[in-house]
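S.K.: As given, the protein sequences belong to chains A and B, one line each in that order.
FYI, the numbering for the first sequence is 1 to 658, going by the UniProt record's numbering.
FYI, the numbering for the second sequence is 1 to 658, going by the UniProt record's numbering.
Hints listed in this document are in silico derivations from the structure and should not be mistaken for laboratory results.
Heads up, some of the hints might be wrong.
Note: identical chains are not told apart, hence a pair may lie in one copy or across any two.
What the hints assert, rightly or not - Under the rule of at most 16 Å between Cα atoms (straight-line distance), these lysine to aspartate or glutamate pairs were calculated in the EDC-like manner: (1) Lys316 with Glu253; (2) Lys584 with Asp238; (3) Lys165 with Asp188; (4) Lys564 with Glu381; (5) Lys658 with Asp233.
Number of protein chains: 2
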Amino acid sequence: MTSNNNIDTTVNGKEQAEAAVPQDPGRRKFLNTAALTGLAGATLSVGLASCKQETTPATGAASAPGAAAAGAAGDMRVERAPGELDDYYGLWSGGHSGEMRVYGIPTGRELKRIPVFNPDLLTGWGITNESKKILGTKPNGDLKYRTGDTHHVHASYKNGTYDGKYAWVNDKIHSRLARVRLDTFECDKITELPNVQGFHGIFPDKRDPVDPNINYTTRVFCGAEFHIPLPNDGRDLDNPEKYGALFTCVDAETMEVRWQVRVDGNMDLCASSFDGKLAACNQYNTENGVHFEDMMSAENDACVFFNIARIEQAVKDGKFTTYGDSKVPVVDGTQAGNPDPKTALTCYVPVPKNPHGVNASPDGKYFISAGKLSPTATVIELEKVLGFFNGDVASTKDCVVAEVEIGLGPLHTAFDGRGNAYTTLFLDSQMVKWNVDAAIKYYKGDTSVKYVVDRLDVTYQPGHTNASMSETMEADGKWLGVGNKFSKERFLPVGPLHPECEQLVDISGEKMRLVADHPVWPEPHDFIIMRRDIIKAQQVYNPDDFPAGIKDASESRVERNGNKVTVHIGSQAPMFSLREFEVKLGDEVTVFLTNFDKVEDLTHGFALPRHDINFIVNPGETRSVTFKADKPGVYWYYCTHFCHALHLEMRGRMIVRK
Amino acid sequence: MTSNNNIDTTVNGKEQAEAAVPQDPGRRKFLNTAALTGLAGATLSVGLASCKQETTPATGAASAPGAAAAGAAGDMRVERAPGELDDYYGLWSGGHSGEMRVYGIPTGRELKRIPVFNPDLLTGWGITNESKKILGTKPNGDLKYRTGDTHHVHASYKNGTYDGKYAWVNDKIHSRLARVRLDTFECDKITELPNVQGFHGIFPDKRDPVDPNINYTTRVFCGAEFHIPLPNDGRDLDNPEKYGALFTCVDAETMEVRWQVRVDGNMDLCASSFDGKLAACNQYNTENGVHFEDMMSAENDACVFFNIARIEQAVKDGKFTTYGDSKVPVVDGTQAGNPDPKTALTCYVPVPKNPHGVNASPDGKYFISAGKLSPTATVIELEKVLGFFNGDVASTKDCVVAEVEIGLGPLHTAFDGRGNAYTTLFLDSQMVKWNVDAAIKYYKGDTSVKYVVDRLDVTYQPGHTNASMSETMEADGKWLGVGNKFSKERFLPVGPLHPECEQLVDISGEKMRLVADHPVWPEPHDFIIMRRDIIKAQQVYNPDDFPAGIKDASESRVERNGNKVTVHIGSQAPMFSLREFEVKLGDEVTVFLTNFDKVEDLTHGFALPRHDINFIVNPGETRSVTFKADKPGVYWYYCTHFCHALHLEMRGRMIVRK
C-alpha cells in the first residue's frame with residue numbers, strides 16, 4: 001500500500017487522530033486554535049490523514065528527572081554537579097537571531113553564542129576591521145547586511161563521522177553560507193550565493209564520488225526555496241512560470257561557489273550519501289505557484305537526487321549556462337532536460353505533498369523524506385537510485401521502499417543507530433519512534449508488522465529534531481533533542497515574545513523518556529549533537545597568527561600618515577600599554593589592540609565612548625578598528641571584559657585636539 | 001580597631017591567606033597567574049592584607065545537586081521537571097552584549113534576552129522605525145550608536161519592595177540609562193546623560209524624601225566614573241585636575257534628567273535608602289589621577305552620601321550651573337563647596353582604598369561598602385549620616401559603625417534578611433558570609449565575636465552577587481547568585497573566548513551550599529532576583545495600543561505619495577494579507593505589518609531578501625520598517641518565525657519595476 005491512497009482531503013483526519021489518542025484537552029485545544037488557524041478555514045482543503053498505527057503516548061509531564069527510566073541503558077543522568085562537564089557539544093542554529101549557538105548536552109547549558117550574520121557588540125563582530133572583511137561591506141565601509149536567518153547547522157565529515165573541523169550554517173534572508181571553525185568556534189568565511197533566494201537547506205558531502213582517497217568533506221550542498229526570474233534584474237516579473245530555483249555546490253575549503261543546478265519546483269532541505277555519489281534536496285511547489293494554495297495543489301512533489309560525478313563532468317564539458325553577472329556555471333537539472341536516466345544529472349523520486357526534511361540513515365542505505373502535508377514518511381533506497389541512474393531501475397517510483405503513515409505534520413527525522421527513526425510530528429505535537437526495517441516490511445505487504453515503536457507528546461509544535469551523532473556512522477542512540485516552536489505555559493511568562501522550548505529526550509531505551517525543557521531565544525531550527533572527544537578546541541591564540549600585532553609594550557606607538565593615524569596598543573591586566581594617545585580633530589584613526597596576556601580566559605575589551613567602538617581581544621589575539629575622531633575632547637577608552645581587581649582602573653585617554 | 005592599621009603594603013598578605021586556607025593548589029596557581037598579573041609586578045605595591053577571621057572553606061566541587069544539605073531549610077531543589085516553573089525571575093545585566101537577560105531561578109534557564117542597547121536581528125530592535133526612535137538616530141536615519149555596555153540592573157520599588165513595573169540598566173560606553181517594562185519585558189525609553197563618561201552604577205530611589213505619600217520609585221540615581229573636562233569640548237585637555245565627575249538623577253517616569261551633582265573623585269556604584277532621604281555612591285580616585293597607580297595611592301576614598309531633599313531645594317533655588325549645550329542644572333557637591341554639614345548637599349564618609357560595591361541592608365539601617373583594594377567591608381549607619389547632616393555627628397568618620405576584614409578583593413554584598421551579609425572576594429575567589437551585628441560588636445572592641453559565619457570557594461573571580469529579594473524589605477534568604485568572571489575548566493571548551501560562570505548557592509541554611517554552575521555569554525555584571533508573583537506579564541498585545549495598525553485584511557493597501565510608498569499588511573497564519581505588492585525602482589517604501597493572530601505565542605516575522613530587513617510582530621502588535629527599493633526584480637518577503645504547518649509557504653512578492 002502507499003499512503004497516497006489514504007489521503008483525506010479534509011481536516012477530519014486530524015479529528016480522528018485526536019479521538020484515537022487520549023490527550024490533555026487543554027493541550028489539544030491549543031493545537032486547534034493555533035496550528036490549525038487558517039488550515040481549518042473554509043478556503044482551504046489540505047490533505048491530512050489520520051495515522052493508523054497508534055501507541056499509547058507517554059505523558060508530556062515526565063517523572064522528575066533523575067528518576068530511573070524503565071529500559072534506560074547506562075548512565076543517562078541529565079544533571080551535572082557543579083564543575084562536571086557535559087558529554088556532547090550541541091551546535092544549534094540561531095534562526096533569525098543570525099547566530100550559531102553551542103549547548104552542552106545533556107544539561108542544555110548555553111556554552112557560547114557564535115556571532116555569524118549578526119553584528120555583535122560583545123565581541124566586536126561587525127565592528128572590527130577583520131570581521132567586517134568576512135561579513136562584507138558596502139563601498140562606504142558600512143556592513144553590506146545586518147540581518148540574517150540561520151536554519152541548518154551541519155559539520156564536516158571524515159570516514160563517515162564528524163571530524164571536528166568545520167560547521168556550516170545558512171542565511172535564508174540574503175542567501176549566504178557561513179563557515180565556523182570548530183577549534184576556535186568562530187566564523188571565518190561567508191559566501192553569498194548568486195541567482196537564488198530563500199536559501200534554506202544545507203548539507204556537506206561525506207566523501208568524493210570519484211576519488212576514493214577523499215573520504216572527507218570537500219563540498220557543501222545548498223537548497224534554495226524561492227523561485228525568481230533568472231537573472232533577477234527586472235525581467236519576467238509577471239511570468240512566474242519562467243521563474244527558476246537552483247541547487248548550489250560550494251567548495252568546503254575555499255568557500256567559493258563551484259556550480260549550480262537549475263531544477264523544477266522549490267528546493268527545501270538537503271542530504272548527502274555516505275558514498276559521496278548522491279546529494280538530495282526535497283522539492284515542493286512542483287506547481288511553481290506564487291500563492292500558497294497553488295504551492296500545495298499537487299498530490300506529489302519529489303525528493304530530487306543529484307548525481308554529483310555527472311554534474312561535475314557536465315561542468316567540465318562546458319555544458320552549462322550562466323546568469324547575469326554571475327560566473328558560476330549552471331547546469332540543467334530539470335526533468336525536461338534529463339529524459340534519459342543513463343545520462344541524467346537528476347532523479348526526481350516522487351514524495352507526497354510538500355515534503356520538508358530529508359535525512360540520511362546512519363547505515364548508509366536510505367534517505368527518509370517527511371511528508372509535511374502528508375502523514376507519511378517515505379523511505380528511499382540509495383542503491384535503487386544509483387540503479388535508476390544506471391538504467392537498471394525502471395521508474396523513479398521504484399526507489400521508494402516504504403511510505404508509511406506515522407502521524408500528522410511529519411517534518412524531520414533522527415536516528416539511533418539501532419535501526420529506529422524518530423520523526424517530529426508538527427501537528428500532533430509528538431515525536432514518533434518507528435523502525436525502518438519494519439516499515440519496509442509493512443510497505444511490502446506484511447501488515448501484521450508494527451513499525452511504530454513509541455510516541456511521546458512534546459510541547460509544542462516540534463519542528464526540528466536530532467539525536468547524538470545521528471547522521472554519522474557513529475549514531476549512538478543516547479540523546480534526542482526536539483525543537484519546539486511554541487513554549488506557551490512551560491516557563492515563567494516574559495511578555496508577548498515567548499522563548500521556544502528545546503526538549504531533551506533519553507532514547508537509550510525502548511521507550512522515549514522526556515527529561516528536560518529548555519527555553520531558548522528564537523529561533524533554533526536544526527542542530528547537531530557531537531561527542532565531546534571530537535572537538536579539539538584552541539583555548540589561547542598564537543600571537544604569530546596575527547602579523548599586525550605588536551609583540552611587546554615597547555612597540556606601542558602612534559603613526560601618522562596625512563590625516564590617517566594608526567595606534568598600536570597592547571593590553572596586559574590591568575593596563576593598556578598606551579595610557580593616552582593624541583589625535584587631531586577630523587583624523588581617521590585605526591587602533592590595533594594586541595592582548596599580551598597568555599593566560600586562558602584572560603580576555604580584554606576596548607570601548608571608546610561617543611565613538612561607538614567596542615570589541616574584545618582574547619589571549620594572544622590582535623584586532624583593529626577604524627573610526628573618525630570627529631569630536632574634540634577627552635575620551636576614555638576602557639577595558640570592558642573583567643580582567644583584574646584593578647579592571648575598573650584599566651583605561652586610557654584619547655585626546656582629540658582641535 | 002580599624003583595618004586601616006593592618007593594611008599590608010606588599011602582596012605578602014595574599015600569601016599568608018593562602019597559607020592559612022587549605023586549597024586545591026591548581027586553583028590557587030590560577031589565581032596567582034591570572035588575578036595577580038601586574039599586581040605582583042615590581043612596579044606596583046598594592047595594599048592587600050590577610051584576613052584574620054578564617055573558617056574552613058567549603059569545597060568548590062559540591063556534592064551532587066539534589067542531595068540534602070545540612071541545615072538547608074524547606075524545598076530548595078534546584079532542578080525542575082519538564083513543565084515545572086521556576087520560583088524567581090532573575091534580571092541580569094548583559095555587560096558589553098548590550099542587552100538585559102531574564103533567567104529563571106533556581107534552574108538558571110535563560111527565559112529571554114531583552115534587546116536594549118544592542119540592535120537585534122531577531123526582534124528587529126534597531127531595524128523597525130519604532131525601535132529606532134527609542135534608540136536614537138543620526139540625521140541620516142542611521143542609529144546613533146550600535147554599542148553599549150550594561151552593568152547594573154535595578155527595578156522599581158513600592159512600599160520597600162519590588163512592584164514589578166520597571167527595571168533600569170546603564171550603558172557605560174555612551175552614558176545612557178534604559179528602562180525596561182516588566183509587563184512586556186521590552187525596553188521603552190533610553191536617555192543619554194550629559195556631561196559624563198563611564199556611567200556605571202545605578203539605583204532607583206525607594207520613596208520620596210519629602211512627600212510621605214510617594215512611597216515608590218520616582219528617581220533613578222546614576223554614578224559616572226571617568227572625570228572629563230567640563231564641558232568636554234576641547235578645553236582643559238592637559239589639566240586633569242580640572243576634570244570633573246558628576247552624579248546624576250533621572251526622572252523614573254519621564255526618563256528626563258532632573259539634575260546633576262559635581263563631586264570629588266570618580267563615582268562608582270550607587271545605593272538608595274528605604275526612607276528616600278539618602279542616596280550614596282562609592283568614590284574612588286580621590287586623587288584625580290589619570291593613570292591607575294595614581295588612582296590608588298590614597299589610603300582612603302569615600303562613600304559619598306547625597307541629601308536628596310537639599311539638592312532638589314538648591315536646584316529650585318537656582319543654585320546651580322550648566323555645562324555647554326546641556327540645560328541640566330548641576331549643583332556643587334564637592335567637599336570644598338560644602339563646608340557646613342547643616343547645609344551640605346553631600347557627606348563624604350571615608351572608606352578604604354577604591355571601594356566598589358555599596359549595598360543597602362534590607363532592615364534599612366546600613367549601607368555596606370566593599371573595599372576592593374582593602375580586605376575590609378565598611379558598615380555605615382544611615383541614622384548617623386542623617387545626624388551628620390543635622391550637625392549632631394561630629395565627623396563623617398563617626399558614621400562608620402564597623403570596618404572589618406573579610407577577605408581579599410571584596411566587591412559586592414547581598415543579604416539574607418536574617419542579619420547576614422554575603423560578599424564576593426574577587427582575589428580569594430570566595431563568597432564570605434558574615435553577620436553584620438557581630439561585625440559591629442567586633443569593631444566596637446569585642447574581639448571574641450566571630451562575625452565570619454562561612455566561606456565558600458567559587459570558580460573563579462567572583463564580581464557581582466545578589467540574593468533573592470536581597471535589597472528589599474522582603475529579603476528571603478533562599479538563593480544567592482554569584483557572577484564569576486572566569487570559567488576556565490568548568491565547562492566544555494569552546495575556543496579562546498570562555499563563557500562566564502554564574503553559580504547558584506543555597507543560602508537557606510547556616511552553611512552555603514553550591515548547587516549549580518551556569519555558563520553565560522559575557523559579561524553579566526549585576527543582577528536582581530525577584531519573586532515570580534511580583535511580575536504580571538502581558539502575553540498578547542492589545543491592537544488598540546497600535547493606532548498605525550490595520551484591523552482587518554480588507555484594510556490592506558499600498559499608498560503612494562510621490563516616491564514614498566506606504567504598504568499596510570496583516571499577518572495571520574499562514575498568510576500575509578498582501579501576497580504581492582509593487583513599487584518602482586528608487587521608491588522609499590514603508591511597510592506596516594500588523595499581526596492579526598491573537599493566540600499567545602503566535603509571533604510572525606517579516607524578512608525581505610537583499611534589503612536587509614527583518615523584524616517580528618507578536619500577537620496584536622504592529623511594527624514598521626522603511627527602506628529604499630533600489631534593485632529591480634522579485635523579492636520574496638517571508639515569515640521568519642515558525643507559525644504553522646504551512647509556515648514555509650507563508651510568503652509574498654515585492655515586485656520592483658524599473
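S.K.: Now look at each hint and say whether the structure bears it out.
M.R.: How the hints compare with the structure:
1. Lys316 with Glu253: neither (20 Å within a copy, 69 Å between copies)
2. Lys584 with Asp238: between (56 Å within a copy, 14 Å between copies)
3. Lys165 with Asp188: For Lys165 and Asp188, only the intra-copy Cα distance (12 Å) is at most 16 Å; the inter-copy one is 43 Å.
4. Lys564 with Glu381: neither (63 Å within a copy, 55 Å between copies)
5. Lys658 with Asp233: So Lys658 and Asp233 pass the 16 Å test across copies only (9 Å; inside, 48 Å).
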